[in-house]
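Participant: Quick one: dock chain against chain with the hints and give me the complex.
Given next are the chains, with one letter for each unit.
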Amino acid sequence: MNGTVLTRGYVVIWGWLLVLMTLSLFANTLPVSRPAIVTLMFVVAAVKAVLVALHFMHLRVERWLIYAIAIVPVLLVFGLMLALFPDFVFAR
Amino acid sequence: MSATTHAHATGAAERGKVAIWWFLASEIMLFGGLISSFVISRLGGGAQVDHGHLNVTVAAVNTFILLSSSYTMVEAFGCAERGDRRAMRLFLGLTVLGGLAFLGLKAYEYTGEILHGFTPWAGTFWSFYYTMTGLHALHVLIGVIANATLCVAARLGLERPYRVEVAGLYWHFVDIVWIFLFPLVYLS
Chain A
1 MNGTVLTRGY VVIWGWLLVL MTLSLFANTL PVSRPAIVTL MFVVAAVKAV
51 LVALHFMHLR VERWLIYAIA IVPVLLVFGL MLALFPDFVF AR
Chain B
1001 MSATTHAHAT GAAERGKVAI WWFLASEIML FGGLISSFVI SRLGGGAQVD
1051 HGHLNVTVAA VNTFILLSSS YTMVEAFGCA ERGDRRAMRL FLGLTVLGGL
1101 AFLGLKAYEY TGEILHGFTP WAGTFWSFYY TMTGLHALHV LIGVIANATL
1151 CVAARLGLER PYRVEVAGLY WHFVDIVWIF LFPLVYLS
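Protein chains in written order, with the numbering used here: chain A, 1 to 92; chain B, 1001 to 1188.
Just so you know, the hints here were simulated from the structure itself, not pulled from any lab data.
The beta-carbon is built from N, C-alpha and C at its ideal position, and this holds for glycine as well.
Treat the hints with care, as some may be off.
Okay, the calculated beta carbon distance ranges per label pair [claimed, not checked]:
| id | chain 1 | residue 1 | chain 2 | residue 2 | range |
| --- | --- | --- | --- | --- | --- |
| 1 | A | Val-32 | B | Leu-1158 | 52 to 58 Å |
| 2 | A | Phe-90 | B | Leu-1156 | 55 to 61 Å |
| 3 | A | Pro-86 | B | Ala-1101 | 41 to 47 Å |
| 4 | A | Phe-78 | B | Trp-1022 | 17 to 23 Å |
| 5 | B | Arg-1015 | A | Val-74 | 35 to 41 Å |
| 6 | A | Ala-46 | B | Leu-1135 | 18 to 24 Å |
| 7 | A | Val-50 | B | Ala-1013 | 20 to 26 Å |
Next up, chain B with everything else stripped away, as it sits in the complex (with noise of 0.2 Å):
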């Protein structure tokens, strides 16, 4: 890689990082305002959990598979810098499979909880659990569909470290609101 090349990736990359900073900033506003919603409705008592109703061990599983993709994307970021194509295709595969299953596993919990006339009309918490479980699910599949363009990419021989670094970057954005989001509305 020439001087002028190597200058002009690491620019690229320094940018990258900065937009997606911000981009996640605004993402910090849109989660953090509907879960302050949330809590402030549950401690005014307006939104009451139904835990009866809600599936803890599948909740459980999507939690131990988010974290697990988060740690495949970080060591796919790892293979990326050190130039180890294949497996960086490999962790980013994996990464992508992680997200699969978790949508998966929320469709399945969906479809349980409205058979059983949980739908989003149910109540003031069902309200909350579908816009904000709903949002986080919207946030994995972008996730999923820019994870699976960088596998693809690689194979081409298009890939740039600095690209995977800023998907991931998302994804872990991602990972974290899923953390806030377990206790929150399954287990507290």
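Chain A extracted, bound-state conformation (with noise of 0.2 Å):
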């Protein structure tokens, strides 16, 4: 590429998002059950965003604030959506 160097680290978590797509894409073609697919669609989906937010958005080489501001508003979610259950899910 007219002598750009592209940085090996970074290719190698693009090949892994990849790979990680490619099986979200087929794990409905697994033979396990609905509910065990479901889950490892959103494992997988978890490791994507990590992987993003470690060596992407450099979450790695951070300090803790960063650490602070990124984690809190994703418990706060959780939090949330846990607090909704026995209203909505569990009452049904």
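Facilitator: Take a look at the structure:
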């Protein structure tokens, strides 16, 4: 590419992201139960998100303040969702 | 670069990074609230996915495009840090092209769905679908404009590496949102 140097670490992460995307696409063909497939899909999505956050967003080398800013809203969202479960999901 | 100018640039970079993370925190709450509502609605039996009328192939291509554009964006930042302006412009341009391709395919997808009668008011699922993917597409559009602006600024010699980093953090966040929307809406 006209002397442009590609960063090997980023290329490897990109490759893994594509592999995981392919795994999600074909998860529906696996001979396991539906809940297991859905769980697998979201585990794969979480792994992809962590890869992007740690390597592309450089959270791997960030200080605690940035971690705190990023993690607190994620915990709040999970808290909100779990708090609503008794009224909307378990009440069925 | 003099010591004073360097210190000023470093301070601006730090402030910019903390500011974009605060903004992203509010975005996590926005998309998180929306996605949580959809998950709860689905688990509660309210919004069942209309799998037969979604274009999974187009969505998969869009996923590939966004993941790849995230890669080109981080390479653009790497080039900016190394002072390789030409390569930075190339990678920023590729990121912009990726964003435009995503929006074009999304528009194609929406057109097909609307022509078949699946409008935002066609049911609970479609309301969630258009709200979540539409809000995400709006974020992609904003990212495209920001990256295109940086590309033009680089051409004029006005770029600063930390601006590419800040725009990149936003772009990667938009990618992460899609990473969850794709299985949630199209696959599960």
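Participant: Starting from the hint list further up, note which numbers the structure goes against and sort them upward.
Facilitator: 5
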